[in-house]
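Position in the sequence shown (first residue = 1) + 248 = our numbering.
There could be a bad hint or two in this list.
Dumping the calculated SDA-like pairs for lysine to any residue here, alpha-carbon to alpha-carbon at most 25 Å [what the hints assert, rightly or not]:
no., residue 1, residue 2
1, K360, T668
2, K539, L494
3, K557, G621
4, K557, N599
5, K557, Q597
6, K360, V339
7, K539, S696
8, K360, G333
9, K557, R534
10, K539, E515
11, K557, Q583
12, K539, P511
13, K557, D622
14, K360, H374
15, K360, S487
16, K539, G665
17, K539, T552
18, K557, G333
19, K360, I386
20, K557, L504
21, K539, Q597
22, K360, T489
23, K557, S696
24, K360, E463
25, K557, L547
26, K360, F332
27, K557, E543
28, K360, G380
29, K557, A491
30, K360, Q438
Hints listed in this document are in silico derivations from the structure and should not be mistaken for laboratory results.
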Amino acid sequence: MRRFTQRFFRLSSKFSNSLNTTKRPVLLTHLSAIRPIAIGLLITTASIFPLDAIAPAAQSQTQSQTEPIQMMEAGLEGEFETHFGRDLATVNRDVDDIAQILRDLGEETATKPAVLWVIPRSDHLHLVLLTGEGTPIIRDLYNVPEDLLRQVSRRFFFEVARPRPSDFAAAQQLHEWIIGTFEAEYLEAQGIDSLLICLGNGLRGLPIAALYDGEQFLIEDYDLTRIPAFNLISIDYESLTGANILTMGASEFETLAPLPAVPFELENIRSAFTIERTIPGSDYHRPRTVKTAPEPSLLNAEFTVDQLKSRLNDETFKIIHLATHALFNPGEPQQSFIQFWETAFPLSQMNELPWDFPALDLLVLSACQTAMGDDEAELGFAGLALQAGVKSAIASLWNVSDLGTSALMSELYRHLGQTTTKAAALRQAQLQLLRGEVRIAANNLVLSNAQIPLPASFLEQGLVIDDATITFEHPFFWASFTIIGSPW
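I would like the entire structure built from these sequences, with the hints used as guidance.
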């Protein structure tokens, strides 16, 4: 699994082209509230903490192992139900049920999935790995108390959420604790290639794709999905090939910063994604399936809550893409919102929209920001798919550059209809950015299978410099985006 590729991230010269982009504006001030000096003291390159106190591996599935997983799931469900103020759990799967689901869906999607619970405790880090083989592997790291874990996690966030050179020391330490504990003996040995990671309180805002083993990032080894709890995700699977899609968004706002690349993003999605429609038969003709482009996007003044409701009532969509600001703020769910043209729509009302569940498979929010370190905000982010009533969501943890977001989204939709899972599609798009295959060159957006001319307005607005080459290799550009809910 190791490729031992030589990484560039320790050398500042490799970043020069990646950093000349306009950021999607930061809308919250929570980052400035954390003292940079204190953060810098938390961890240095030389202070990688050793793994020196790991509990023995679980050797068999016993009652004492099965009960804690069910109790842990119940506790996680309770956190989200309390936050959203409603009952969310409809099933109570035990270890055997979960393992069987992993085997069945793994076979159907040609993947080898596993679930990893990462639960902070006051005096240790509790880790549980479950693969399709059905035996829970439990590790308790007593050298990783919650306060230390939160410190290193915060440093990790700033290593990747700011586009600057880094040795990724915190990313490497967290990888050692969370992934290294299981990797050689279980993940690699069993050929696991897809991880469903359930993060506990204080960790739900981690950009897990950027965990780093010293040579490569976690996204280079696994499809990654962030789940609130296994009992809170949908296990239904249906391919997105030919799925009907609704694209909406705004580039201009009255009180928020503009997102000038949104029209470009939406048009690229439409051109990349082909939908399949069934033409009814008649006395003389059999029913037939035709491939067409998605309908035109609803942009700016057309991007309203009423328009969304109308479209949802009139037609069935499997994918809805909203290119707009979305903020997950501290406090109750009504404090977090998605910005439509005419209003800030509270997250607490998402479940009141006429989503066609279970037909609606994926909700994409391409310009989100979450208050890092705030447990309530992170609950809202991790529970986005739950609150919206969709199987899966793709969203960002921080505001990425406008160009970087358009690049990733343009690439994502070229994979969604080709891969067997949504998590695999997002991973492929992230890898294309990480490897420099998706970039800006000669006034074109270069994708894996296309070159798209940039609008002249990008030069006029200063989003790009004429003939400049811009890459998106730093985790800032790709690690923010994550699958929430079901990977399938």
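Hints and how they fare:
no., hint, in the structure
1, K360 x T668, "12 Å, holds"
2, K539 x L494, "16 Å, holds"
3, K557 x G621, "34 Å, violated"
4, K557 x N599, "12 Å, holds"
5, K557 x Q597, "13 Å, holds"
6, K360 x V339, "23 Å, holds"
7, K539 x S696, "22 Å, holds"
8, K360 x G333, "35 Å, violated"
9, K557 x R534, "33 Å, violated"
10, K539 x E515, "18 Å, holds"
11, K557 x Q583, "22 Å, holds"
12, K539 x P511, "23 Å, holds"
13, K557 x D622, "31 Å, violated"
14, K360 x H374, "23 Å, holds"
15, K360 x S487, "17 Å, holds"
16, K539 x G665, "13 Å, holds"
17, K539 x T552, "28 Å, violated"
18, K557 x G333, "24 Å, holds"
19, K360 x I386, "19 Å, holds"
20, K557 x L504, "23 Å, holds"
21, K539 x Q597, "35 Å, violated"
22, K360 x T489, "21 Å, holds"
23, K557 x S696, "35 Å, violated"
24, K360 x E463, "23 Å, holds"
25, K557 x L547, "15 Å, holds"
26, K360 x F332, "32 Å, violated"
27, K557 x E543, "16 Å, holds"
28, K360 x G380, "8 Å, holds"
29, K557 x A491, "19 Å, holds"
30, K360 x Q438, "8 Å, holds"
The structure does not agree with the numbered hints 3, 8, 9, 13, 17, 21, 23 and 26 stated previously, though it agrees with the rest.
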